[in-house]
Amino acid sequence: MRRLILALAAGLVFGFGLTVSSMINPAKVLAFLDVAGGWDPSLALVMAAAVPVAGAGFVLGRRRQAPLAAPAFQPPAVRAIDRRLVAGAALFGVGWGLVGYCPGPALAALGVTVADPKGVDLAGAPLFILAMLVGMAAVAFIDRRVTRQRMNRVGAPAERPQVIKRPDAPSP
Amino acid sequence: MSGFTPTHALVGGALIGAATALLWLGLGRIAGISGIVGGLMTAARGDRIWRLAFLAGIMAAPVMYRLAGGAVPTGASGTGPTLVIVGGLLVGVGTRLAGGCTSGHGVCGLARLSPRSATATGVFMAVAALTVFLHRHVLGG
Numbered sequence: 001m002r003r004l005i006l007a008l009a010a011g012l013v014f015g016f017g018l019t020v021s022s023m024i025n026p027a028k029v030l031a032f033l034d035v036a037g038g039w040d041p042s043l044a045l046v047m048a049a050a051v052p053v054a055g056a057g058f059v060l061g062r063r064r065q066a067p068l069a070a071p072a073f074q075p076p077a078v079r080a081i082d083r084r085l086v087a088g089a090a091l092f093g094v095g096w097g098l099v100g101y102c103p104g105p106a107l108a109a110l111g112v113t114v115a116d117p118k119g120v121d122l123a124g125a126p127l128f129i130l131a132m133l134v135g136m137a138a139v140a141f142i143d144r145r146v147t148r149q150r151m152n153r154v155g156a157p158a159e160r161p162q163v164i165k166r167p168d169a170p171s172p
Numbered sequence: 001m002s003g004f005t006p007t008h009a010l011v012g013g014a015l016i017g018a019a020t021a022l023l024w025l026g027l028g029r030i031a032g033i034s035g036i037v038g039g040l041m042t043a044a045r046g047d048r049i050w051r052l053a054f055l056a057g058i059m060a061a062p063v064m065y066r067l068a069g070g071a072v073p074t075g076a077s078g079t080g081p082t083l084v085i086v087g088g089l090l091v092g093v094g095t096r097l098a099g100g101c102t103s104g105h106g107v108c109g110l111a112r113l114s115p116r117s118a119t120a121t122g123v124f125m126a127v128a129a130l131t132v133f134l135h136r137h138v139l140g141g
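Residue numbers (full-length UniProt numbering), protein chains in the order written: chain A, 1 to 172; chain B, 1 to 141.
Some hints could be false.
Covered, in the sense of this in silico footprint (three residues per stretch, anywhere, with C-beta under 8 Å from a C-beta of chain A), are these stretches of chain B [said to hold, decoys possible]:
{"no.": "1", "segment": "26-40"}
{"no.": "2", "segment": "49-57"}
{"no.": "3", "segment": "119-133"}
Keep in mind the hints are simulated off the structure, nothing from the lab.
The C-beta atom is built at its ideal place from N, Cα and C for all residues, glycine as well.
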């Protein structure tokens, strides 16, 4: 129960951050990415504030054996800088640049749209989230098949085992 | 420069950082949104409820902010449905291949001084800026 309350609280604070900083607004995000247009540097400051505050949390965590409501810290397992990472980041960059939504802000915008379908002009969010889930499911499906094929090939060594691991977060 | 809102950006960013710290110190988890969403499809059943709680928080926050009288920025990007679908697919595939997005690599990864995340962040920032440049200034979209 404590775990759920903490997760919900963290999600709320995260969502307030996205709202206050206007990252929930794709036009604002695109204005940041539009270096050659009327560049709006606001989102650089969002990152500049978020990173050190998060960093303080990670430093504090080093002094503890375990988190408050879980048996162990779960840092990302993958450290590789490989083609999968670079290609994935590039594809993500194209999608982000086309629409102005990345996953967090799109979810926050979806919340607003669901709560007030008529009052808010963030109508792209539901369609975006749907397409994003399809894209994620496709990668999960292919990863699962590749993993199964590797396991079926008896005796064949896994060429790059880190490629088939699917971390739920970036590596340290 | 246009529409620069430094105070809101700094306050909002600090909140995002605080939420990241809270999820790490409370649950020992990385606050990477694409990873948390993607894990709903791949993680064990007992590992799903906290994800839903966190995501529910993200979705509820702007609604609560609005009910409390705050101004939730509106105004869609003006992107048509086809482009929204293409963009959504690319973001879904790309973030799962890269193992993170703006939050997981951009905030958590940089805060943890991860070379992998720094690489990913550099690539997606540069490609996104290039995409906007081509879309707005070359193709005139």
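Hints, one by one, checked against the model:
A count of 14 residues in the segment 26-40 of chain B with a Cβ less than 8 Å from any Cβ of chain A is obtained; the coverage claim is therefore met, three being the minimum. A count of 8 residues in the segment 49-57 of chain B with a Cβ less than 8 Å from any Cβ of chain A is obtained; the coverage claim is therefore met, three being the minimum. Here the segment 119-133 of chain B counts 14 residues with a CB under 8 Å from a CB of chain A, which clears the bar of 3, and the coverage holds.
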